[in-house]
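Undergrad: The residues making up each chain are set out below.
4 protein chains.
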Amino acid sequence: MTASVAILGASGYTGAELVRLIATHPGMRVRALSGDRKAGMGMGEVFPFLAHLKLPTLQKIEDMDFSGVDLVFCALPHATSQAVIAALPRGLKVVDLSADFRLRDPADYEKWYGKPHAAPDLQKQAVYGLTEFYRDAIRPARLVAGTGCNAATGQYAIRPLIEAGVIDINEIILDLKAGVSGAGRSLKENLLHAELSGGTYAYSAGGTHRHLGEFDQEFSALAGRPVRIQFTPHLMPFNRGILATGYVRGDAQAVHKALADRYAAEPFLHVLPFGQLASTRSIAGSNFVHVGVMADRLPGRALVVAALDNLTKGSSGQAIQNANLMLGLDETAGLMLAPVFP
Amino acid sequence: MTASVAILGASGYTGAELVRLIATHPGMRVRALSGDRKAGMGMGEVFPFLAHLKLPTLQKIEDMDFSGVDLVFCALPHATSQAVIAALPRGLKVVDLSADFRLRDPADYEKWYGKPHAAPDLQKQAVYGLTEFYRDAIRPARLVAGTGCNAATGQYAIRPLIEAGVIDINEIILDLKAGVSGAGRSLKENLLHAELSGGTYAYSAGGTHRHLGEFDQEFSALAGRPVRIQFTPHLMPFNRGILATGYVRGDAQAVHKALADRYAAEPFLHVLPFGQLASTRSIAGSNFVHVGVMADRLPGRALVVAALDNLTKGSSGQAIQNANLMLGLDETAGLMLAPVFP
Amino acid sequence: MTASVAILGASGYTGAELVRLIATHPGMRVRALSGDRKAGMGMGEVFPFLAHLKLPTLQKIEDMDFSGVDLVFCALPHATSQAVIAALPRGLKVVDLSADFRLRDPADYEKWYGKPHAAPDLQKQAVYGLTEFYRDAIRPARLVAGTGCNAATGQYAIRPLIEAGVIDINEIILDLKAGVSGAGRSLKENLLHAELSGGTYAYSAGGTHRHLGEFDQEFSALAGRPVRIQFTPHLMPFNRGILATGYVRGDAQAVHKALADRYAAEPFLHVLPFGQLASTRSIAGSNFVHVGVMADRLPGRALVVAALDNLTKGSSGQAIQNANLMLGLDETAGLMLAPVFP
Amino acid sequence: MTASVAILGASGYTGAELVRLIATHPGMRVRALSGDRKAGMGMGEVFPFLAHLKLPTLQKIEDMDFSGVDLVFCALPHATSQAVIAALPRGLKVVDLSADFRLRDPADYEKWYGKPHAAPDLQKQAVYGLTEFYRDAIRPARLVAGTGCNAATGQYAIRPLIEAGVIDINEIILDLKAGVSGAGRSLKENLLHAELSGGTYAYSAGGTHRHLGEFDQEFSALAGRPVRIQFTPHLMPFNRGILATGYVRGDAQAVHKALADRYAAEPFLHVLPFGQLASTRSIAGSNFVHVGVMADRLPGRALVVAALDNLTKGSSGQAIQNANLMLGLDETAGLMLAPVFP
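Order-wise, the sequence lines are chains A, B, C and D.
Per my numbering, residue 341 is the first one in the first sequence, and the count goes up by one each step.
Per my numbering, residue 341 is the first one in the second sequence, and the count goes up by one each step.
Per my numbering, residue 341 is the first one in the third sequence, and the count goes up by one each step.
Per my numbering, residue 341 is the first one in the fourth sequence, and the count goes up by one each step.
Don't read these hints as lab results, they were simulated from the structure.
Treat the hints with care, as some may be off.
Since the list gives no way to pick out one identical chain from another, each pair is judged satisfied if it fits inside one copy or across any two copies.
Straight-line Cα separation of at most 25 Å, BS3-like style, residue types lysine-lysine; simulated pairs [unchecked claim]: (1) K528 to K378; (2) K597 to K394; (3) K378 to K394; (4) K394 to K451; (5) K378 to K597; (6) K451 to K378; (7) K394 to K464; (8) K464 to K597; (9) K400 to K597; (10) K528 to K433; (11) K400 to K433; (12) K433 to K464; (13) K464 to K400; (14) K433 to K394.
Put together the whole structure using the sequences plus the hints.
TA: See below:
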């Protein structure tokens, strides 16, 4: 069986990454594509790297025919997904890649995104899409909310440590290095090559980055009490990859063991040998996550470093992994592409 | 049927790229790997981006067992392949990625590589590996010589034009922009990030680049008389991709038609609409080639621009495409991976 | 004596480069700055790299007081300079960095820029700002038109060869590699880091690039008859630097001698020893130009490669060099900063 | 008066940076250059970006004539400086850029560098070269030990906070992002463009980086008791610049005030307005340091981010600043060059 999917917002980076991955997916094909401002164009015009594929022409969402579509990937900007998804035919499965359904409590959504949630009823049905931790809920879900890419990276490093109780949950610092494609195809001065290449700086620092909403929600739920981490993202002069350097308090060997045990059976999570740390170059272009642990010279402190590709495992790869589950396909179908190096 | 292959020289970039591509190849698996200086190490240690794969440990060539191996990829440095391949069991099919068997006339080899050919008998059996032009000879061959990556790029732009007789063969200029991975994993000052990033310059200019041996051989054979092009490569501050800007004399529409006709049925060759030129970003990480044509304002002059990924279509992807033919597999097996962008 | 200057359009890259260079100029100081959309802001806010300088606040042009100002640098976008400069007090010396006054014939302006020239009278007074070739006219000029950065690079490579009559003027090809800052601080998709880094492609190819207007004008004037070159620029994934690879017909030694003789006394023009070619990394951040010559293997063909920094010698450094002449200062004042490497 | 200086180790990046800065220094000129493996070559051959300068030919150290030399910059690799400096004429002032004389206690040297100190008597005379904190001792010194570039960055962020007593000295974390030129011109696989560009990873993590010897020495001396920080450097895909992200406990406003007060009169230290953080792009190519402070959402926690150019303020610019003091020149002479952007 081959599932038919539609992609809303196909003219952005996560939309294009979905198409890239589905191109060699054995059980999925693209049935329809939307791209409002580029409606009428072919994907090969919008993204010449996809020129070798036979793909539907980009349409406006209101012109789309969802009959025969099994699942919709919604790769629209934040705040527009809510209305669009609410208007989709009820029977459609949906994987949303925006931030719109990540926070279970609409009050949290309003706090972090600055406006009331427009579809609180839909929110109740949404399942948080961190596959390895919500697999059972994702399989039967109608609506899965893809995680933030930074939020995913940090959670892969930290969740098993909270679960296993091997770290002090009051003392978690994540210093994150984020490739620029996470900012999307947006026309902002700071995203220009001339501005960004050749250097780095922190952004949305001090506790203002919206992905903290996800960290707060998820870590608190795991711990059974409020957990608030310190989180500082830095914009990196490369396109793909996030490196999360986690500073935690606990025994480094126990930290390593908690991760190794938790991820032993996971196809995409690779815990490096103790004392080795992850590099973004080793996972770029793939759905894999590398996690490494090292003891610091200060007793009782450990480093946990996780790396993933923000466009793949951090968004579109994760979306397909979840869609595979929702469609009854092999969870890893289409996702075993090796990273690209050099 | 799954073919078993061995890779000699797996610790270099083309060796690693072979492994990357075979990882999702439906009809090929890696049976043995050599890497002399890194013998005893796992591929995941030498190349952490391959850590998710179960692969044989690197061995010295003399310790390898070739029983059960169907085909050997030889990704050794130039000048060492000749002796190594000569010593392999006779029944083994071989795809060589070095320069050792590209030039049919041993005198040409000596002229361009500065030493006598060490295996002239083997040379007689070797088939030049530019798949789209030597397919029939490659299929039954025992030894196929992979082309130079620059030589491949230029030939994809120019061969159909010579074949169709639409350009002046005395006036061909190729200005080439080559990503740095083509220089291999060699420890040279000019390949350091601090030296190479942020700028460009011409190298091996003036007619000294060894790939001219291939251009001379192939274009002369096509034309039936000596053809000598002008060829200037430039080192680029990026890792993957070659852009060949061809300056030719002839009618631009006829040039475009010659290319479009010649490549109409080719799965990996994509001729862009007239007036559009190729970009390396649109093929990086894939086995695809983009070729574009534009008329210049000077009457009778045309631009032909070809782009391919030097590690994929320029070497390891080409090698697998040839191996597919030699092993009776589907020619495109394992090679339809979409480019990676951004 | 210290000259007081005003900079119109200080919030763009060439404006900021002017400020950078004047910061250590012994005979010039910034008296006023304009930046329409950023009026009211300090330069250190717009460009934090200038935060250490005491500078006037950005104003709207209409609010500027030009009393006490000796010279105005006009770094406004193309097509806006004409009106602005026409409205400036008559006594002010002006160096314009836009394209508005580069083409002596208003019909040429209209041909290349698509609209009638708005200040044809001013155009008659304008001197073309390629310092080493128009020095005597620049010294007493009231209005100097800075050259295009690509046009400057190509002319440094080719002008002496036309002057000396050592090449065939019907067969000049310039393949140009241009750093992205030449495109300015404009919000365009293709200038994003995610789109541009890691690859290259040709743009404004086939004879459509506007700097051809300058090549046509200047080379024809030199030759005394129409000269039309073939010119193909490529966008490069680095910020500063242009490399022009010139393909010419003539004796390479004579070509080298013509350049070495012509530039022997020039403080910023450095002709490399015969057989060495230029690199953009060797001049980035400076006002220097490197030019190298090599013979091709094809008899009678030579390569000429010139490199300069588009923001310095290609625009703002050139502007200051011209201003030095116009103000009676030492021509090299403030411009002997060494390139920055690595 | 113009001081004559010699540079030992001029063929490395810090040696070349010294030459770059001295090129426009009004009170210093280069009298002699050493470069053992490149003895006999001109600097313009070794570093074409310096080709415009008239400079002495590179010599072997043993062939150098130090008569008439006022001061020697020693830019040799670690562990070779000790013997070389011990053998220099006694009257020569010396600024050493290596790690050889940074640690006052020879036992610390042995601990961090793995071998006994070869010149413990010289060590006693050496002054630690962090100019803003050792100015009075540097002025009359004969031997000044340049600081580590990472160590300088971290100290500029943290020293005033320890001095002012506004942070908890048991809870200092520095997450550092270091440009690759800090690793020097060494031929290592991980420094190749193909390996390094496009990603990041932590190195010398867990408390093993040698610059911790300096942090321990300096912070403990300031605090009057042992201070041990947690320090994790990351290798960045850019050439110049270090960003140190400091996680400290204390009132953010008090932290900002301590920095602003301490650096108010310093010509090269720029404290950004409260709530703004530093970027390496804003100081690259210059001797300036930017320091910014922001409060975290977690009460009592602050971020301190410092940025400097590792080759300028982190080594060669610092060396010249110290030499200026030792030679009785204006401390800022030759060092007011503005950063280069974009």
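Undergrad: So which of those numbered hints doesn't the model satisfy?
TA: 4, 5, 6, 7, 8, 9, 10 and 13
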